[in-house]
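Participant: Next come the chains, spelled out residue by residue.
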Amino acid sequence: MGLARYGDLLTSAEFWRTVEVSLIYTAATVIVKLLLGLGLGVALLLWERTRLNNAISIALLMPLMTAPAIAALMWKLMTNPGFGVLSWLISLVGINDFRWASDPDSAMFTVVLVDVWVYTPSMIILLLAELRSLPPQPFEAARLDGVRPSFVFFRITVPMLTPLLLTAILFRMIDSIQQFDIIYAMTQGGPGDSLLVFQVRAYLDFFQYTNLGGSAAVLMILWALTYTLSNVFVKQWHKLRERARGYV
Amino acid sequence: MDLKEYIKDRAKTNPACNWDDILPNLRASTSWSGKPGGAGAKQWALPWGFEVNVVTYNQPLFDRMKLQPPKNMQEMMETGAKITRDAGGGIYGVGTPGSRSWATIHPGFLSGYANYGAKDFTVSGGKQQSAVNSPESKEFPAMFVKMVQDSGPKNWATYTWYQVNSDLGAGASGMIYDADSFGYFANSGDTKMKGQLAYAPLAPNPAAQGPKSNVWIWSLAMANSSRRKDATWYFMQWASGTDHLLFCARGKDQIDPVRASIWKDEEFTSRVEKNFPNFTKTYQITEPGAKIYFTPQPLFFNVTTEWAALQQMVAKQTPVTDALDKLAASIDKQIKQAGLA
Numbered sequence: 021m022g023l024a025r026y027g028d029l030l031t032s033a034e035f036w037r038t039v040e041v042s043l044i045y046t047a048a049t050v051i052v053k054l055l056l057g058l059g060l061g062v063a064l065l066l067w068e069r070t071r072l073n074n075a076i077s078i079a080l081l082m083p084l085m086t087a088p089a090i091a092a093l094m095w096k097l098m099t100n101p102g103f104g105v106l107s108w109l110i111s112l113v114g115i116n117d118f119r120w121a122s123d124p125d126s127a128m129f130t131v132v133l134v135d136v137w138v139y140t141p142s143m144i145i146l147l148l149a150e151l152r153s154l155p156p157q158p159f160e161a162a163r164l165d166g167v168r169p170s171f172v173f174f175r176i177t178v179p180m181l182t183p184l185l186l187t188a189i190l191f192r193m194i195d196s197i198q199q200f201d202i203i204y205a206m207t208q209g210g211p212g213d214s215l216l217v218f219q220v221r222a223y224l225d226f227f228q229y230t231n232l233g234g235s236a237a238v239l240m241i242l243w244a245l246t247y248t249l250s251n252v253f254v255k256q257w258h259k260l261r262e263r264a265r266g267y268v
Numbered sequence: 034m035d036l037k038e039y040i041k042d043r044a045k046t047n048p049a050c051n052w053d054d055i056l057p058n059l060r061a062s063t064s065w066s067g068k069p070g071g072a073g074a075k076q077w078a079l080p081w082g083f084e085v086n087v088v089t090y091n092q093p094l095f096d097r098m099k100l101q102p103p104k105n106m107q108e109m110m111e112t113g114a115k116i117t118r119d120a121g122g123g124i125y126g127v128g129t130p131g132s133r134s135w136a137t138i139h140p141g142f143l144s145g146y147a148n149y150g151a152k153d154f155t156v157s158g159g160k161q162q163s164a165v166n167s168p169e170s171k172e173f174p175a176m177f178v179k180m181v182q183d184s185g186p187k188n189w190a191t192y193t194w195y196q197v198n199s200d201l202g203a204g205a206s207g208m209i210y211d212a213d214s215f216g217y218f219a220n221s222g223d224t225k226m227k228g229q230l231a232y233a234p235l236a237p238n239p240a241a242q243g244p245k246s247n248v249w250i251w252s253l254a255m256a257n258s259s260r261r262k263d264a265t266w267y268f269m270q271w272a273s274g275t276d277h278l279l280f281c282a283r284g285k286d287q288i289d290p291v292r293a294s295i296w297k298d299e300e301f302t303s304r305v306e307k308n309f310p311n312f313t314k315t316y317q318i319t320e321p322g323a324k325i326y327f328t329p330q331p332l333f334f335n336v337t338t339e340w341a342a343l344q345q346m347v348a349k350q351t352p353v354t355d356a357l358d359k360l361a362a363s364i365d366k367q368i369k370q371a372g373l374a
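If you read the sequences in order, they're chains A and B. Position one of the first sequence corresponds to residue 21 (our numbering), numbered consecutively onward. Position one of the second sequence corresponds to residue 34 (our numbering), numbered consecutively onward.
It is worth saying that the hints were derived from the structure and are not from the lab. Any given hint could be a false lead.
Claimed, not checked - Ranges of calculated distance between the beta carbons of each label pair, as one might list FRET restraints:
#, chain 1, residue 1, chain 2, residue 2, range
1, B, Lys-359, A, Val-39, 17 to 27 angstroms
2, A, Ile-44, B, Gln-317, 26 to 36 angstroms
3, A, Met-240, B, Asp-35, 35 to 45 angstroms
4, A, Ala-89, B, Asn-47, 23 to 33 angstroms
5, B, Gly-123, A, Thr-248, 44 to 54 angstroms
Unchecked claim - Reference excerpt, derived from the structure (chain B facing chain A, CB under 7 angstroms, subset only):
#, residue
6, Ser-66
7, Gln-92
8, Thr-117
9, Ala-120
10, Arg-133
11, Ala-136
12, Asn-188
13, Thr-313
14, Gln-317
15, Tyr-326
16, Pro-329
17, Gln-330
The beta-carbon is built from N, C-alpha and C at its ideal position, and this holds for glycine as well.
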């Protein structure tokens, strides 16, 4: 018992499979949400404020109002190979018999898709708020000098956004590595062990196998991992803040 | 707590409770010594309701395709595959759950597994060892996996028991090998297939003398820490007693009474048979071999959930034989860690 439990865990192939699956899920969801959030945030900033654009903005935020577990069940219906609307849509472009979360090869893709759908709006809101609060002078100066838009984006916008980007990445990373509801509602961790992420494994250990010690050990390791990653990000964030204030 | 002391206590137990009237297999299935494989030592619960696993099929579809309900596994595989191939309209052959859960194992799968003489464990001297990869344990899973591949729902790996039920009621599946209550409620509720489903017993192994059905039992149990044990016992007697269960069977759709006397009640059987032809006959053929076929042992949820290794076999990620060998090794490892080996 005690430390021996951690020893058992760290030497088990099943646990390392959990680590692998959790990290892949976290990396995939965070990267996609970041790129989409940034792209859509910039697009919303540049769009003129018409009624149509306002409606689109509101529609983009709709997933935020859906509980992740409900969203997962909704997607489960939409991806049903028999009658799901998404299965029908992809069949129109010649993709037949795609089994979404029921196939070990496409299960990760499917839950990442749902996660992105649910959480990208929060990334958009965060980035859009920061984009709108950036000082206009550097952008006006660049425009007067005839600087290319791509140069403005990568050399002015992104560096000014970086502290907030780090914060957003940190939040989304913590959420993703602790993901439970979407994955459990859609697949219960399957097919096989293809989606047995930290929280799902801990839940099954605790509530189905009554293995309280095993579950606690998994969660302690998850906490240590989250704590370490958070520290790395927070330190980077402080460095960037100091640099922005001219201390470095 | 062990209910035997109450069952035997004439001062606290009404004769109408009539313990011997409860089907013997259900009494045995709710008793356990607490040791792996041990049986009969303590009575943990009073059976209240149960369900057996049978074939429920879409009668109009079978008529249209000139199909007969399957009598064994080979026939079910062939009939299911034919439905998937030829029925059209997205109808598939056999609805059976497949999500990563013990609920995937306990209905049709374990019933067929037991019918082929396979066991989940061998227990000797109180020590248990996995038997899921014994030669007789490999025959049925291989057929089951093939059946799901050829005629199961496309989303089988995330398919739950309520989808089995709803697809049957919606006419999306040709048949199911699952709880008889699924068919009953799909046949009587607000469903597309209302009144058009039919029942048939299934003995997957053609060499078997009859069906073997793993059962689900709803039961009443009492906590040892209860401070009102006598009052609890009076309630349990009432709830599982003949009068109450007869009332439920005659008028409240409790279709699988746990008491032998109720199955002889003309009002109940004629009502069920009138609305659901062949239901009682199917039950009568299935009931003698209906009991819990899992070996009683403390790692029930671990073992049955891990049995969802079937998912990897259906997805053709792992050959059946290799997957069952791996499963047996994993179960034995857990048994050893739990000090049961």
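Participant: Range first: 17 to 27 angstroms. Now tell me if the beta carbons of Lys-359/B and Val-39/A are that far apart.
Facilitator: Taking Cβ atoms as reference, Lys-359/B and Val-39/A lie about 20 angstroms apart, which means the hint holds.
Participant: Should the hint that Thr-117/B touches chain A count as held when the rule is a Cβ pair under 7 angstroms?
Facilitator: Constraint on Thr-117/B not satisfied, violated at 11 angstroms.
Participant: Regarding Gly-123/B and Thr-248/A, is the given constraint of 44 to 54 angstroms on their beta-carbon distance met?
Facilitator: For Thr-248/A against Gly-123/B, whose Cβ atoms are near 49 angstroms apart, the range 44 to 54 angstroms holds.
Participant: For the hint on Ala-120/B, does the least C-beta distance to chain A fall short of 7 angstroms?
Facilitator: This interface hint is violated because 13 angstroms lies over the 7 angstroms limit.
Participant: Verify the interface restraint on Ser-66/B: the C-beta must sit less than 7 angstroms from at least one C-beta of chain A.
Facilitator: 20 angstroms, violated
Participant: Confirm or reject the claim that Met-240/A and Asp-35/B have a C-beta distance inside 35 to 45 angstroms.
Facilitator: The hint (35 to 45 angstroms, Cβ to Cβ) holds, given that Met-240/A and Asp-35/B are roughly 38 angstroms apart.
Participant: Under 7 angstroms, Cβ to Cβ, is where Asn-188/B needs to be relative to chain A, so tell me if that hint holds or is violated.
Facilitator: 4 angstroms, holds
Participant: Can you verify the interface hint for Ala-136/B: is its Cβ closer than 7 angstroms to any Cβ in chain A?
Facilitator: Violated: closest Cβ of chain A sits about 10 angstroms from Ala-136/B, beyond 7 angstroms.
Participant: If you take the shortest Cβ to Cβ gap from Thr-313/B to chain A, is it below 7 angstroms?
Facilitator: 33 angstroms, violated
Participant: Classify the hint on Gln-330/B as holds or violated, based on whether any CB of chain A lies nearer than 7 angstroms to its CB.
Facilitator: It is violated, given that the least Cβ distance between Gln-330/B and chain A is near 13 angstroms, above 7 angstroms.
Participant: Does Tyr-326/B pass the interface hint, meaning its C-beta sits closer than 7 angstroms to a C-beta of chain A?
Facilitator: 20 angstroms, violated
Participant: Hint check: is the beta carbon of Gln-92/B less than 7 angstroms from a beta carbon of chain A?
Facilitator: 21 angstroms, violated
In summary, the numbered hints that this structure violates are 2, 4, 6, 7, 8, 9, 11, 13, 14, 15, 16, 17.
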